[in-house]
Amino acid sequence: MGRLKTYLLLLFLLVLCGCGGRPHGADPAVAAADSLHFARNLSIAYCDGYTSVRIRDPWDTLRQRQHYVLVDRDAPLPADLPADGLLIRTPVERAVIYTSVHTAIAEQLGALDRVVGVCEPEYITSQVVLDRIAAGRITDVGLSTAPNTERIVDLGSNLIIASPFENSGYGSAEKLGIPIVEAADYMENHPLGRTEWVLFYGLLFGARDEAEAAFAQTRDRYFALRALAADAPRPTVVLERKYGNSWAVPGGKSYIGTLHADAGADYLFRDVPGTNSTHLSFEEVYDRAGEAEFWLLKYGDRTPMTYARLAGEYDPYSHFRAWRERRIFACNTLTSTYYDDITLHPDWVLEDLIALYHPDLLPGHVQRYYFPVDE
Amino acid sequence: MNKVRFFWLYAALAAALLSLCCIGLMRGSVQIPLRDVARILTGSFDGREAWRHIVLESRLPQTLTALLAGAALAVSGLMLQTLFKNPLAGPSILGISDGANLGVAVAMIWLGAASYLSTILAALIGAGVVLLLILWFSRRVRGSVMLLIIGLMLGYLASSVISILNYHASADKVHQYVMWGMGDFSGVSIAKLPWLAGFVLAGLGASLLMVKPLNALLLGDAYAANLGVNVRRTRFLVLACTGVLTAVVTAFCGPISFIGLVVPHIARMLTGTDNHRHLLPVTLLSGACIATLCSILTVWPGSNSLLPLSAITPIIGAPVIIYVIVNRRNFHYFQ
Amino acid sequence: MSLPAAIQTRSLSIGYPVRGGGKRVVHAGLDLALEAGCVTCLLGRNGAGKSTLLRTLCGLQPPLAGEVLLEGESLRTLSPAALSTRVGVVLTVRDYPGGITVYELVSLGRYPHTGFFGSLGVADHAVVREALGAVGIAAKADRLLSELSDGERQKAYIAKTLAQECPVILLDEPTAFLDVPSRMETWETLRRLAHGRRKAVLLSTHDVESAVRMADRLWLLPETDPEGASGAVLCGSPAEMAADGTLENFFGVRLPQGGF
Numbered sequence: 001m002g003r004l005k006t007y008l009l010l011l012f013l014l015v016l017c018g019c020g021g022r023p024h025g026a027d028p029a030v031a032a033a034d035s036l037h038f039a040r041n042l043s044i045a046y047c048d049g050y051t052s053v054r055i056r057d058p059w060d061t062l063r064q065r066q067h068y069v070l071v072d073r074d075a076p077l078p079a080d081l082p083a084d085g086l087l088i089r090t091p092v093e094r095a096v097i098y099t100s101v102h103t104a105i106a107e108q109l110g111a112l113d114r115v116v117g118v119c120e121p122e123y124i125t126s127q128v129v130l131d132r133i134a135a136g137r138i139t140d141v142g143l144s145t146a147p148n149t150e151r152i153v154d155l156g157s158n159l160i161i162a163s164p165f166e167n168s169g170y171g172s173a174e175k176l177g178i179p180i181v182e183a184a185d186y187m188e189n190h191p192l193g194r195t196e197w198v199l200f201y202g203l204l205f206g207a208r209d210e211a212e213a214a215f216a217q218t219r220d221r222y223f224a225l226r227a228l229a230a231d232a233p234r235p236t237v238v239l240e241r242k243y244g245n246s247w248a249v250p251g252g253k254s255y256i257g258t259l260h261a262d263a264g265a266d267y268l269f270r271d272v273p274g275t276n277s278t279h280l281s282f283e284e285v286y287d288r289a290g291e292a293e294f295w296l297l298k299y300g301d302r303t304p305m306t307y308a309r310l311a312g313e314y315d316p317y318s319h320f321r322a323w324r325e326r327r328i329f330a331c332n333t334l335t336s337t338y339y340d341d342i343t344l345h346p347d348w349v350l351e352d353l354i355a356l357y358h359p360d361l362l363p364g365h366v367q368r369y370y371f372p373v374d375e
Numbered sequence: 376m377n378k379v380r381f382f383w384l385y386a387a388l389a390a391a392l393l394s395l396c397c398i399g400l401m402r403g404s405v406q407i408p409l410r411d412v413a414r415i416l417t418g419s420f421d422g423r424e425a426w427r428h429i430v431l432e433s434r435l436p437q438t439l440t441a442l443l444a445g446a447a448l449a450v451s452g453l454m455l456q457t458l459f460k461n462p463l464a465g466p467s468i469l470g471i472s473d474g475a476n477l478g479v480a481v482a483m484i485w486l487g488a489a490s491y492l493s494t495i496l497a498a499l500i501g502a503g504v505v506l507l508l509i510l511w512f513s514r515r516v517r518g519s520v521m522l523l524i525i526g527l528m529l530g531y532l533a534s535s536v537i538s539i540l541n542y543h544a545s546a547d548k549v550h551q552y553v554m555w556g557m558g559d560f561s562g563v564s565i566a567k568l569p570w571l572a573g574f575v576l577a578g579l580g581a582s583l584l585m586v587k588p589l590n591a592l593l594l595g596d597a598y599a600a601n602l603g604v605n606v607r608r609t610r611f612l613v614l615a616c617t618g619v620l621t622a623v624v625t626a627f628c629g630p631i632s633f634i635g636l637v638v639p640h641i642a643r644m645l646t647g648t649d650n651h652r653h654l655l656p657v658t659l660l661s662g663a664c665i666a667t668l669c670s671i672l673t674v675w676p677g678s679n680s681l682l683p684l685s686a687i688t689p690i691i692g693a694p695v696i697i698y699v700i701v702n703r704r705n706f707h708y709f710q
Numbered sequence: 711m712s713l714p715a716a717i718q719t720r721s722l723s724i725g726y727p728v729r730g731g732g733k734r735v736v737h738a739g740l741d742l743a744l745e746a747g748c749v750t751c752l753l754g755r756n757g758a759g760k761s762t763l764l765r766t767l768c769g770l771q772p773p774l775a776g777e778v779l780l781e782g783e784s785l786r787t788l789s790p791a792a793l794s795t796r797v798g799v800v801l802t803v804r805d806y807p808g809g810i811t812v813y814e815l816v817s818l819g820r821y822p823h824t825g826f827f828g829s830l831g832v833a834d835h836a837v838v839r840e841a842l843g844a845v846g847i848a849a850k851a852d853r854l855l856s857e858l859s860d861g862e863r864q865k866a867y868i869a870k871t872l873a874q875e876c877p878v879i880l881l882d883e884p885t886a887f888l889d890v891p892s893r894m895e896t897w898e899t900l901r902r903l904a905h906g907r908r909k910a911v912l913l914s915t916h917d918v919e920s921a922v923r924m925a926d927r928l929w930l931l932p933e934t935d936p937e938g939a940s941g942a943v944l945c946g947s948p949a950e951m952a953a954d955g956t957l958e959n960f961f962g963v964r965l966p967q968g969g970f
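From first to last, the protein sequence lines are chains A, B and C.
Numbered by the working numbering, the letters in the first sequence go through residues 1 to 375 in order.
Numbered by the working numbering, the letters in the second sequence go through residues 376 to 710 in order.
Numbered by the working numbering, the letters in the third sequence go through residues 711 to 970 in order.
Extracted from the complex, chain A is given alone in its bound form:
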């Protein structure tokens, strides 16, 4: 018994040490200077001679994941430069971008000249970028999960922008000595929080003004739309569908949940905790949301979704009220620019949703992403 107590005590101490070893929250000085309002995992502080950008670990929000120190290329290095930051001279000149979303952002900021490499061009929808790739001005560096590091070095790139995943590194790219910017914007839960990251990218590409203008425009439009839909009666909504043995239901505080709530809908699962999706059984979703007035889902297929196909996939779908009354709307992520647009323009998606939920509020709106499902 004595031994057991000793072991338990040791274990307890170990756990304490583990907890105590991490820095708690951001540096209070920087937190005060954080100029961002919506992005929770990003903080930008404008200091004398440099800009301090901190990225919080989205999977362990007590931890800081990265600290970048941006110094103007033409300016001298300030004496009081923080030692724990990764130095990046801006504007960057030869960037490699792994994700098509951020390539689209670079294009929006007019910074494509500063981009020399991308991954997986088959997922890029922008013709401008594709033309540049064809002309050799932008190089394909391979898969985002396993890029061709030799080519990256060969291009003389001095920055990599990549999306981080929990517990995964960047493979051999980490050994290249090239600063890797972890673009964790997709982990933001608020639509505008994701957009606000464009300020960071603007700083990187030397397009601060364009970025601030783009963000301000999006923000203002978003709020205006939200206000428009705020007082309208809220229809009930169910999202996505069953895959495998479960239905991945987005949480109430997730990005999607927030978007639909702002669009003036009553998202039936907004009480599901967490900011990700929870796996629920079909019967639970059906029981709570079978009578939902609207059903919105996303799919990625070359052939358009039809009611028949949906019922063919799983017969009991046809018992949903939205199926019976033909009020299902689907977004084909393969053919639409949904994923490209949503980071910089959540207001466009919001517009689409409001037009579905409250057609009278936006007469004349042409659907961009969500379309009625065919027979």
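One should not assume that every hint holds.
As the list claims (entries may be wrong) - Pulled from the structure, derived: some chain C residues nowhere near chain B, Cβ distances all over 12 Å:
#: 1; residue: ARG765
#: 2; residue: THR787
#: 3; residue: ALA791
#: 4; residue: PRO807
#: 5; residue: SER829
#: 6; residue: LYS870
#: 7; residue: SER920
#: 8; residue: ASP926
#: 9; residue: ALA953
To be verified - Pairs of lysine to any residue residues, derived as SDA-like cross-links and limited to a Cα-Cα distance of at most 20 Å, are as follows:
#: 10; chain 1: B; residue 1: LYS548; chain 2: A; residue 2: THR303
#: 11; chain 1: B; residue 1: LYS548; chain 2: A; residue 2: TYR299
#: 12; chain 1: B; residue 1: LYS548; chain 2: A; residue 2: ARG302
#: 13; chain 1: B; residue 1: LYS548; chain 2: A; residue 2: ASP301
#: 14; chain 1: B; residue 1: LYS548; chain 2: A; residue 2: PRO372
#: 15; chain 1: A; residue 1: LYS298; chain 2: A; residue 2: ARG241
#: 16; chain 1: A; residue 1: LYS175; chain 2: A; residue 2: ASN189
#: 17; chain 1: B; residue 1: LYS460; chain 2: C; residue 2: THR802
#: 18; chain 1: B; residue 1: LYS460; chain 2: B; residue 2: ILE696
#: 19; chain 1: A; residue 1: LYS298; chain 2: A; residue 2: GLU212
#: 20; chain 1: A; residue 1: LYS298; chain 2: B; residue 2: VAL553
#: 21; chain 1: B; residue 1: LYS460; chain 2: C; residue 2: HIS835
#: 22; chain 1: B; residue 1: LYS460; chain 2: C; residue 2: TYR806
#: 23; chain 1: C; residue 1: LYS733; chain 2: B; residue 2: ARG517
#: 24; chain 1: B; residue 1: LYS548; chain 2: A; residue 2: ASN332
#: 25; chain 1: B; residue 1: LYS378; chain 2: C; residue 2: HIS835
#: 26; chain 1: B; residue 1: LYS378; chain 2: C; residue 2: GLY730
#: 27; chain 1: B; residue 1: LYS567; chain 2: A; residue 2: GLY312
#: 28; chain 1: B; residue 1: LYS378; chain 2: C; residue 2: TYR813
#: 29; chain 1: A; residue 1: LYS298; chain 2: B; residue 2: LEU496
I should point out that these hints are in silico values taken from the structure, not numbers from a laboratory.
Note that beta-carbon positions come from the ideal geometry of N, C-alpha and C, so glycine has one too.
Chain A is fixed; fit chains B and C onto it per the hints.
Structure of chains B and C alone, referenced to chain A:
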């Protein structure tokens, strides 16, 4: 074991199966009172339509699918263990389920087709190709051990192609494939169930007809031939039967591990014999029970979130296998 | 004591296919006659081809040339089902299913005679019980095979062959892994079956002494030399062969006199 004890064993298994089916109908993420479930089943329910649909179109087909799949996989495992005289043989050993996996990987990742029908077709085609290869080899290879090795190698080949496909695929396609690979009894709706049931019942019926040659095979190929069994043809029929059963179950439910390997051992422990006359039906019933239990446990008691099937079958299967291996000396069929 | 030959061979050539599509001939031009009602013992060195000969005679291996006749009918023309009621085999019991009882094992011997599902009728059960009694293992009928000694298992396999009701019984080294008392019992059983029930019993063995004492006839199988030629198979009764020195010449040692 004499006739009386076998009677009680069958009665117990039937009762267990019936109880598990009832639990499967009565229990789920949504709390439906027992009385209402009974009324729904007898057709005298006039409450929420949603509940009627849940019981009849979600829980009922899921329970029946589990029942059929469990029986099919367990019997396949038994026949393969006898044919190859290997207690660790199972339906996945010949690479047929790997072939189905490959078919689905090709369809989902390469061709980008992920609809319900295309997944089933792809799995059937993949499994069918491997099955035909195995059957072709079975006519050319004399020893069963050689055939087993060929089957294993085909499985590895399929897995390596799947790795290549996954390596070059985008994250959501990989995710889709991984979800399929977790196994699922809930994907077969009432409308599609007759297809699964038809093939499985046909396969199970064929297996029951093979009790006599399977028993002869217990003695080995030479003795079986001397007893008048056409060993080549029997081998062909066993492979075809198990191949079809495995292919159909994998196509409708995704790859399901452990049941085919473990249930024959459970059945041997229950019957205490290698004689297929009772071993095969007991395996059939036990497989149905175990699979139905796994299906119920996907909604783990106490929580409402779902567990994937591929996580639950090892929880039941691994302890049984370890127990059997550790107690080898007490189990006569291990000599 | 001699009856019409249960098995007769004509110019039989035995061997097996080798890599590259060729064939290795172990013995050629064999003209042998196995008679019912006596125990014939096949002797020879290791590698002389005893197993090959036995397997060819019971149809487990195809002959390279020539014919094997079972009671006048060619082996080639007999279906597996028909063959199963003519010849029963007992091989060296190495690999056995431990989980079946002796009774179930012997019942398997009835399979050539039972219907599609292999169910035993009253007559079949009677044959099984009789076979168990004939080899002397009736007391252990309900034991699992894994619970028996090697000798008892051997008896069970012989009983199974008996239950098959075949006129010919071939045994490949049946006494190989048995202790001395079990060996004696096996020989006794075989002699009883041959003399008492008019079976044609052919067994191969290394135990020359027992063979010379207990068998009614001997077949001496010479080795094949590297060029593929072999001498003729020598057949005769042990007494004759001992007297005219055949045994001594074949085995190259002096065998003790007396005791025949």
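Hint by hint, here is what the structure shows:
1. ARG765: The assertion about C:ARG765 is violated, with a minimum of 8 Å to chain B.
2. THR787: 15 Å, holds
3. ALA791: For C:ALA791, whose nearest Cβ neighbour in chain B is about 4 Å away, the distance does not exceed 12 Å, so it is violated.
4. PRO807: The claim is violated: C:PRO807 sits with its nearest Cβ about 4 Å from chain B, within 12 Å.
5. SER829: 8 Å, violated
6. LYS870: Incorrect as stated: the minimum Cβ-Cβ distance to chain B is 8 Å, not above 12 Å.
7. SER920: 25 Å, holds
8. ASP926: 24 Å, holds
9. ALA953: 37 Å, holds
10. B:LYS548 to A:THR303: Cα-Cα ~16 Å, so holds.
11. B:LYS548 to A:TYR299: 12 Å, holds
12. B:LYS548 to A:ARG302: Since the Cα atoms of B:LYS548 and A:ARG302 sit roughly 14 Å apart, the hinted pair holds (cutoff 20 Å).
13. B:LYS548 to A:ASP301: 11 Å, holds
14. B:LYS548 to A:PRO372: Measuring from Cα to Cα gives roughly 25 Å; hence the hint is violated.
15. A:LYS298 to A:ARG241: 9 Å, holds
16. A:LYS175 to A:ASN189: 32 Å, violated
17. B:LYS460 to C:THR802: With Cα atoms ~18 Å apart, B:LYS460 and C:THR802 stay inside 20 Å; holds.
18. B:LYS460 to B:ILE696: Measuring from Cα to Cα gives roughly 17 Å; hence the hint holds.
19. A:LYS298 to A:GLU212: Roughly 31 Å between the alpha carbons, so the hint for A:LYS298 and A:GLU212 is violated.
20. A:LYS298 to B:VAL553: Holds - the C-alpha atoms of B:VAL553 and A:LYS298 are around 19 Å apart, at most 20 Å.
21. B:LYS460 to C:HIS835: 28 Å, violated
22. B:LYS460 to C:TYR806: Holds, at roughly 10 Å.
23. C:LYS733 to B:ARG517: 17 Å, holds
24. B:LYS548 to A:ASN332: 15 Å, holds
25. B:LYS378 to C:HIS835: With Cα atoms ~16 Å apart, B:LYS378 and C:HIS835 stay inside 20 Å; holds.
26. B:LYS378 to C:GLY730: 55 Å, violated
27. B:LYS567 to A:GLY312: Holds, because 9 Å separates the two Cα atoms, which is no more than 20 Å.
28. B:LYS378 to C:TYR813: 15 Å, holds
29. A:LYS298 to B:LEU496: Roughly 24 Å separates the two Cα atoms, so the pair is violated.
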